[in-house]
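Student: Using the sequences and the hints given, assemble the complete structure.
Protein chains: 4
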Amino acid sequence: MMRNTTGHIFTLTTFGESHGAAIGGVVDGMPSGIDIDLAFIQSELDRRRPGQSRLTTSRNESDQVELLSGVFEGKSTGCPIGFIVRNADHHSSDYDNLRDLFRPSHADYTYYKKYGIRDHRGGGRSSARETISRVVGGALAKLALRSLWGIEIKAYTSQVGNICVDKSYKDLDLSKTESNAVRCPDDSVAKQMEDLIMEVKKDGDTIGGVITCVITGCPAGVGEPAFDKLHAALGASMLSINAVKGFEYGCGFAGVTQRGSEQNDLFVNADGNIRTASNRSGGIQGGISNGEDIYFRVAFKPVATLLQPQPTVDVHGNATVVNPKGRHDPCVLPRAVPVVEAMAAITLLDYCLIS
Amino acid sequence: MMRNTTGHIFTLTTFGESHGAAIGGVVDGMPSGIDIDLAFIQSELDRRRPGQSRLTTSRNESDQVELLSGVFEGKSTGCPIGFIVRNADHHSSDYDNLRDLFRPSHADYTYYKKYGIRDHRGGGRSSARETISRVVGGALAKLALRSLWGIEIKAYTSQVGNICVDKSYKDLDLSKTESNAVRCPDDSVAKQMEDLIMEVKKDGDTIGGVITCVITGCPAGVGEPAFDKLHAALGASMLSINAVKGFEYGCGFAGVTQRGSEQNDLFVNADGNIRTASNRSGGIQGGISNGEDIYFRVAFKPVATLLQPQPTVDVHGNATVVNPKGRHDPCVLPRAVPVVEAMAAITLLDYCLIS
Amino acid sequence: MMRNTTGHIFTLTTFGESHGAAIGGVVDGMPSGIDIDLAFIQSELDRRRPGQSRLTTSRNESDQVELLSGVFEGKSTGCPIGFIVRNADHHSSDYDNLRDLFRPSHADYTYYKKYGIRDHRGGGRSSARETISRVVGGALAKLALRSLWGIEIKAYTSQVGNICVDKSYKDLDLSKTESNAVRCPDDSVAKQMEDLIMEVKKDGDTIGGVITCVITGCPAGVGEPAFDKLHAALGASMLSINAVKGFEYGCGFAGVTQRGSEQNDLFVNADGNIRTASNRSGGIQGGISNGEDIYFRVAFKPVATLLQPQPTVDVHGNATVVNPKGRHDPCVLPRAVPVVEAMAAITLLDYCLIS
Amino acid sequence: MMRNTTGHIFTLTTFGESHGAAIGGVVDGMPSGIDIDLAFIQSELDRRRPGQSRLTTSRNESDQVELLSGVFEGKSTGCPIGFIVRNADHHSSDYDNLRDLFRPSHADYTYYKKYGIRDHRGGGRSSARETISRVVGGALAKLALRSLWGIEIKAYTSQVGNICVDKSYKDLDLSKTESNAVRCPDDSVAKQMEDLIMEVKKDGDTIGGVITCVITGCPAGVGEPAFDKLHAALGASMLSINAVKGFEYGCGFAGVTQRGSEQNDLFVNADGNIRTASNRSGGIQGGISNGEDIYFRVAFKPVATLLQPQPTVDVHGNATVVNPKGRHDPCVLPRAVPVVEAMAAITLLDYCLIS
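Protein chains in written order, with our numbering: chain A, 1 to 355; chain B, 1 to 355; chain C, 1 to 355; chain D, 1 to 355.
Think of the hints as simulated: they come from the structure by calculation, not from any bench.
Treat the hints with care, since some could be wrong.
Cβ-Cβ distance ranges computed for the label pairs, FRET-style [stated by the list, open to error]: (1) Lys191(B) / Leu148(A): 20 to 28 Å; (2) Ala277(D) / Asp203(C): 50 to 58 Å; (3) Ala88(D) / Glu178(A): 48 to 56 Å; (4) Leu148(C) / His316(D): 26 to 34 Å; (5) Lys75(A) / Asp293(C): 28 to 36 Å; (6) Asp293(C) / Asp46(A): 47 to 55 Å; (7) Ala277(D) / Val315(A): 50 to 58 Å; (8) Gln42(D) / Leu174(B): 19 to 27 Å; (9) Ala277(D) / Ser278(C): 45 to 53 Å; (10) Pro219(B) / Glu178(D): 55 to 63 Å; (11) Ser62(C) / Pro219(B): 43 to 51 Å; (12) Asp35(A) / Asp195(D): 46 to 54 Å; (13) Leu148(A) / Gly33(B): 47 to 55 Å.
Selected chain D positions facing chain B (Cβ under 10 Å, derived; list incomplete) [said to hold, decoys possible]: (14) Ile9; (15) Pro225; (16) Ala226; (17) Gln310; (18) Pro311; (19) Ile354.
When the alpha-carbon atoms are kept at most 20 Å apart in a straight line, the in silico DMTMM-like pairs for lysine to aspartate or glutamate are as follows [stated by the list, open to error]: (20) Lys75(C) / Asp96(B); (21) Lys75(D) / Asp100(A); (22) Lys176(D) / Asp195(D); (23) Lys201(C) / Glu262(D); (24) Lys167(A) / Asp187(A); (25) Lys75(D) / Asp96(A); (26) Lys75(B) / Asp205(C); (27) Lys202(D) / Asp100(C); (28) Lys325(D) / Asp94(D); (29) Lys75(A) / Asp100(D); (30) Lys201(B) / Glu262(A); (31) Lys325(B) / Asp314(B); (32) Lys167(A) / Asp46(A); (33) Lys202(B) / Asp100(A); (34) Lys202(C) / Glu262(D); (35) Lys75(B) / Glu262(C); (36) Lys75(C) / Asp100(B); (37) Lys154(A) / Glu262(A); (38) Lys201(A) / Glu262(B); (39) Lys201(D) / Glu262(C); (40) Lys202(A) / Glu262(B).
Just so it is clear, the structure is predicted and the values come from calculations on it, not from any experiment.
Where is the CB? At the ideal position from N, CA and C, for every residue including glycine.
Tutor: What follows is the structure, given as structure tokens:
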């Protein structure tokens, strides 16, 4: 049981709590000879860092990554890449009142039942700061995927509350995702999403949404046929991100109402290449990529941390009230976009290296 | 990369093709001293076997399981349990015309790209007959879960095409699931589902649906906090079943439109036990069970095998037509119910043994 | 913990007890397109089967293997290969007196402490019949190693009791290994070994020895640098064989008395290829193959089953006597030679497929 | 393939090169609630640090460990423990002449063949500085083993060149191991060993030896029966340490000349406990501990780095000479004693947590 490790050939192991000394990890199995673009890795971290817009928590950390090994004269050596990001902006005393409480829909109670002890400061290990390590690992994976196969991974916010992007990813210009704070490539929808988030924030409340992710350039033949189907691995990857409640690829849940004759993708000869005329399968058939775009959707619940008092119990079972003083995100989606991309990259690189 | 193995402490390894000598597997890590009820294992297989009703394929196999090891005087010994189910009703010649074709939305093309060779008879390894091994493994897991913790796992067909069960699982009598061919505990909805399936079958077409699964009796503290969250493992498990396109637990995709204040589950003291007043979380918080019911939904696409001609290409890229002569299921849901339960049992037992 | 599985990319999972229905296993990760020579696999099994000479147990089993999957029209498909060997020559009643005893230096007591239950018949799972599955897996691995890289693996009995082959493997004709019952390529030493074994057998006693194994044709660059060094994997492989007490490669234990200046292998340019002038390293440096022959030695203790009465205790701690009636091998070495080769092949193929 | 990770339930992942920013790692699966004695961890590191006596390299590093996570208010939380040790005393320019050379019997050539690139400074990743991470992980494992089961692990130098300790570990006072620089509990033998090492050092040469390790307090029933036998895991652990060429447990290689009737350990009732009258098995039977002391021996070759010129070739195959200017250890044994203990602790804790 590799609790804090993901992958088989390309692996990421993570450590670190919200208010500990550092968040960090180890990337193992990085192919050798890849140019390691440190500025790119930092820029990916900057996409998830707190305080980047009015939509996100005001916790302000620069989250500077330091690579400690595995890189020599700018290139990966094939040896493990250790890295750390020091935690800086601790307000640990904000959390003193939470030491013996179980915050609703957080991991406080379940950690307590599993371990008998927990670091209550800022959510400890269950804090979304853990995803810092995923973004660093994902940035390294992206560098390898791009360099070795030309694979690109693009995610975007496609729904916040009941505000949705109605278009398919093919009808959007995904290069515009970073042009607004909510990370939605359709500017007018983005504006509505931002308004909704600000409204929710004003109420001290939170809201959920959906992130869509698209992988282009993946060759056919990547995947495994039985338990480790490529989409099963991508699904587990996404479901391992804090606040994720669902995953679907290709036609997903909506496709269950279709008939086979409507949903099947017919093979055609496209200028000498075998392709499918449609791509309702989402680029994966029988657990293995077929060379078409891979796309999937990830459902995020509203964040559990509210700026409202909530009734709960303490470790002794006594009724009490949570009065959070910490900072929080009213909507996790904007900052989760790079995390979704990172996990997709980590999982896909692992599979590409096997196949 | 354990391609045909799932699990860490309790593992299932499977083998076998649709038209090979046998389907089988090895269960490793079965706790010792568990009563091995062979009749129960066979009855689980009978729930997934073909030919059990007019809703399923007419391929008629008795699918008798033989346990080859790991059981001594009726009890598990802790040693690996090997098992086989001989294949009997081969109509391999039905598939001769498929040797060089790629059937639409099947794994024919992707296997060919990955392996350069494939057993085309009846779908070979990608056939859903592979799930026989999962049901055997799952039956063993159920015996251990029941015996050691009193955990029960019940799945049912909750949607076929656009016919849905509207009620929550709590408002259904799940003991009625086996009372009809579609495995839906609401008899009137079941009737509509059956009618739809028969209509689709008449057209030589297929239809998708959703299976809901409920786990009761799981103690708090089962799960892992980072990449191996309990719901991530359950999700991967479900997504590894043929034809599955989506997974959601708790409020799932529908919950993304809610606010945190609506979705949070408040902790309460219920007669001295810490419980949640509602269970929108689906029994898992931070990747670890909280002692409430675990429930999730699994989306199945319409089966790709149609009894209609479909255009496609052959291995040389030449246009041709698939004229399937094999037998098939118009809707995979009824027979997939025991498979969903089996995979849930296998994954949950693995996690219970770790925690 | 993959208790009954070995390997990462190429894996073998085994099951079966001495007096159960069958011994078998699953090979996963076999490269596709390899010619599967069934006669070769059976011939490897014949090398380890009981009753092949007067030096071995008189238990007489033909040990016929049946492959159940993963092979299509004579070639591997990349899908898992399930196989079984039915047990035939049960004399289970011979073991009735052992039900509640702990045989000295067997696994009876430790299995009892670990599992609380054991199949006492013929040693159950701890019987060396489990190595049948290893030989089948090893034969498949040999076919792939030979076909893909021209790698050959040859083991031989180099010591029985205090009778040793003094020569290096390079000064022996390893094609003569199969020419005598003890599997020692030096005929005159083989004769002395056979005499010693017959003498020991006459006393109802047993004797240990050493098997030497040589791998030729392994390219440079196979291995891993840290915990999974190639020789660490080979060592674990060998130490997992029943009765093995030691493993050494290259200069091994004898080399500890040398100085670095005596033991270092100098690099030279041999007709344009970088080679080492000597090969005291045993073909592995820093855990990775260097292109020279890989060789190692494996120590086997005398088998614990004696045809003599031995004092012991029963499960209640009462003093009693073991009076074995079963058949046994006075020296395990001759039949262990193909097992050593098999395990070396399984481990090396796994590593070749990673590198 | 977990290249830089060892273990299943309790795992250690390591990173870092000799002249990189830091050496470090992640310990995962540490049981929660264990008192984390930082001074003890540092003292273990001090036992392996360079410059501690005239017998070791003069590279002078204080090797201070910093724990970054997984500890809260002095206790382990069950979350991963990340740690780093900054590298300080770089003399990287000492190694400039080695950039394109292959040092004899080092990993230079094999890394080059595997990765196509290498960090040549101080051996890069293949440097024994990697064992820093193992000692930290081992110290944590020792704390858990001691706290949960009272298990103790003691290693000592039992041979240097041809100077041997003749006594069994039972006839030695292992508390005296730390009383001399060579870490041999027999003071008069230690004196001879030191003299030999100083003589070898004077010649710019190196010498090998043997470390013996003893584990007391391990309960019966720890281990796995097939591929993952406890001694196979310990063997792999030891063989993964730099310069190790052999492993044996119990009677080991010497026992191959014995008869079964001499080597078998008879079970006896010792004051109500089932014990063995002798312990030639080395505390493990059938891969599972039997409650007696576990002991084994590990062979170390002479270190490959000499303070003598040695002929070799460069990456182009041209003949040249290695003139090392770096510092080195004439005998690795004294500093390897804590590494052997650490690896034994890591492996044993992993197995104790499974069983």
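Student: State for each hint whether it applies.
Tutor: Verification of the hints:
1. Look at lysine 191(B) against leucine 148(A): about 55 Å separates their beta carbons, and that is not inside 20 to 28 Å.
2. Evaluation of the 50 to 58 Å hint for alanine 277(D) and aspartate 203(C) yields a failure: the beta carbon distance comes to about 21 Å.
3. As the Cβ distance of alanine 88(D) to glutamate 178(A) is approximately 41 Å, the hint placing it in 48 to 56 Å is violated.
4. Checked against the hint of 26 to 34 Å, the C-beta distance between leucine 148(C) and histidine 316(D) comes to roughly 29 Å, which is consistent with it.
5. Distance hint for lysine 75(A) and aspartate 293(C): a CB-CB separation of about 33 Å, consistent with the stated range 28 to 36 Å.
6. Under the hint 47 to 55 Å, the C-beta atoms of aspartate 293(C) and aspartate 46(A), about 53 Å apart, fit the expected range.
7. The hinted window of 50 to 58 Å between alanine 277(D) and valine 315(A) holds, with their beta carbons roughly 52 Å apart.
8. In this structure the supplied range 19 to 27 Å is violated for glutamine 42(D) paired with leucine 174(B), their Cβ-Cβ distance being about 58 Å.
9. Between alanine 277(D) and serine 278(C), the C-beta spacing of about 46 Å keeps the proposed range 45 to 53 Å intact.
10. A hinted range of 55 to 63 Å is violated for the C-beta pair proline 219(B) and glutamate 178(D), which are about 46 Å apart.
11. Hint check: serine 62(C) to proline 219(B), Cβ distance near 50 Å, so the stated range 43 to 51 Å holds.
12. Separated by about 52 Å at the C-beta atoms, aspartate 35(A) and aspartate 195(D) satisfy the suggested range of 46 to 54 Å.
13. Take leucine 148(A) and glycine 33(B): their Cβ atoms lie about 50 Å apart, and the range 47 to 55 Å holds.
14. For isoleucine 9(D), the suggested interface contact is upheld, since its CB lies about 7 Å from the closest CB of chain B, less than 10 Å.
15. A least Cβ separation of about 7 Å between proline 225(D) and chain B falls short of the 10 Å threshold, and the interface hint therefore holds.
16. Taking 10 Å as the C-beta cut-off, the interface hint given for alanine 226(D) holds, the closest approach to chain B being about 8 Å.
17. Interface hint at glutamine 310(D): violated, since its Cβ lies 41 Å from the closest Cβ of chain B, which is beyond the 10 Å cut-off.
18. Taking 10 Å as the C-beta contact cut-off toward chain B, the hint placing proline 311(D) at the interface is violated, the least distance being around 43 Å.
19. For isoleucine 354(D), the interface hint holds, the least distance from its beta-carbon to any beta-carbon of chain B being 7 Å, beneath 10 Å.
20. Restraint check for lysine 75(C) and aspartate 96(B): satisfied, since their Cα atoms lie roughly 18 Å apart, inside the 20 Å limit.
21. Between lysine 75(D) and aspartate 100(A) the alpha-carbon distance is near 17 Å, which keeps this suggested pair within the 20 Å criterion.
22. The straight-line distance between the Cα atoms of lysine 176(D) and aspartate 195(D) is roughly 19 Å, inside the 20 Å bound, and the hint therefore holds.
23. Between the alpha carbons of lysine 201(C) and glutamate 262(D) the distance comes to roughly 15 Å, so the proposed pair stays at or under 20 Å and holds.
24. Taking the CA atoms of lysine 167(A) and aspartate 187(A), the gap is about 13 Å. The hint holds against a cut of 20 Å.
25. Straight-line distance between C-alpha atoms of lysine 75(D) and aspartate 96(A) comes to about 18 Å, which keeps the hinted pair within the 20 Å bound.
26. Distance restraint check for lysine 75(B) and aspartate 205(C): the Cα-Cα separation of roughly 35 Å exceeds the 20 Å cut-off, and the hinted pair is therefore not satisfied.
27. Annotation: proposed proximity of lysine 202(D) to aspartate 100(C) is violated, straight-line Cα distance about 62 Å (limit 20 Å).
28. Distance check on the hinted pair: lysine 325(D) and aspartate 94(D) sit about 6 Å apart at the alpha-carbon level, within 20 Å; holds.
29. For the proposed pair lysine 75(A) and aspartate 100(D), the alpha carbon gap of about 17 Å is at most 20 Å, so the pair holds.
30. For the suggested pair lysine 201(B) and glutamate 262(A), the alpha carbons sit about 15 Å apart, so the restraint of at most 20 Å is met.
31. This hinted pair checks out: lysine 325(B) and aspartate 314(B) have alpha carbons roughly 17 Å apart, not beyond 20 Å.
32. The hinted pair formed by lysine 167(A) and aspartate 46(A) fails the criterion: a straight-line CA distance of about 28 Å is larger than 20 Å.
33. A C-alpha spacing of about 62 Å is found between lysine 202(B) and aspartate 100(A), which places the hinted pair above 20 Å, so the restraint is violated.
34. At most 20 Å may separate the alpha-carbon atoms for a hinted pair to count; lysine 202(C) and glutamate 262(D) meet this at roughly 16 Å.
35. Proposed proximity of lysine 75(B) and glutamate 262(C) is contradicted: the alpha carbons are some 59 Å apart, above 20 Å.
36. Simply put, lysine 75(C) and aspartate 100(B) have alpha-carbon atoms about 17 Å apart, close enough for the 20 Å limit, and the pair holds.
37. Pair hint lysine 154(A) plus glutamate 262(A) does not hold up; C-alpha atoms about 28 Å apart against a cutoff of 20 Å.
38. Distance hint between lysine 201(A) and glutamate 262(B) is fulfilled; the C-alpha atoms sit about 15 Å from each other, no more than 20 Å.
39. Simply put, lysine 201(D) and glutamate 262(C) have alpha-carbon atoms about 15 Å apart, close enough for the 20 Å limit, and the pair holds.
40. Restraint check for lysine 202(A) and glutamate 262(B): the C-alpha separation of about 16 Å stays at or below 20 Å, so the hint holds.
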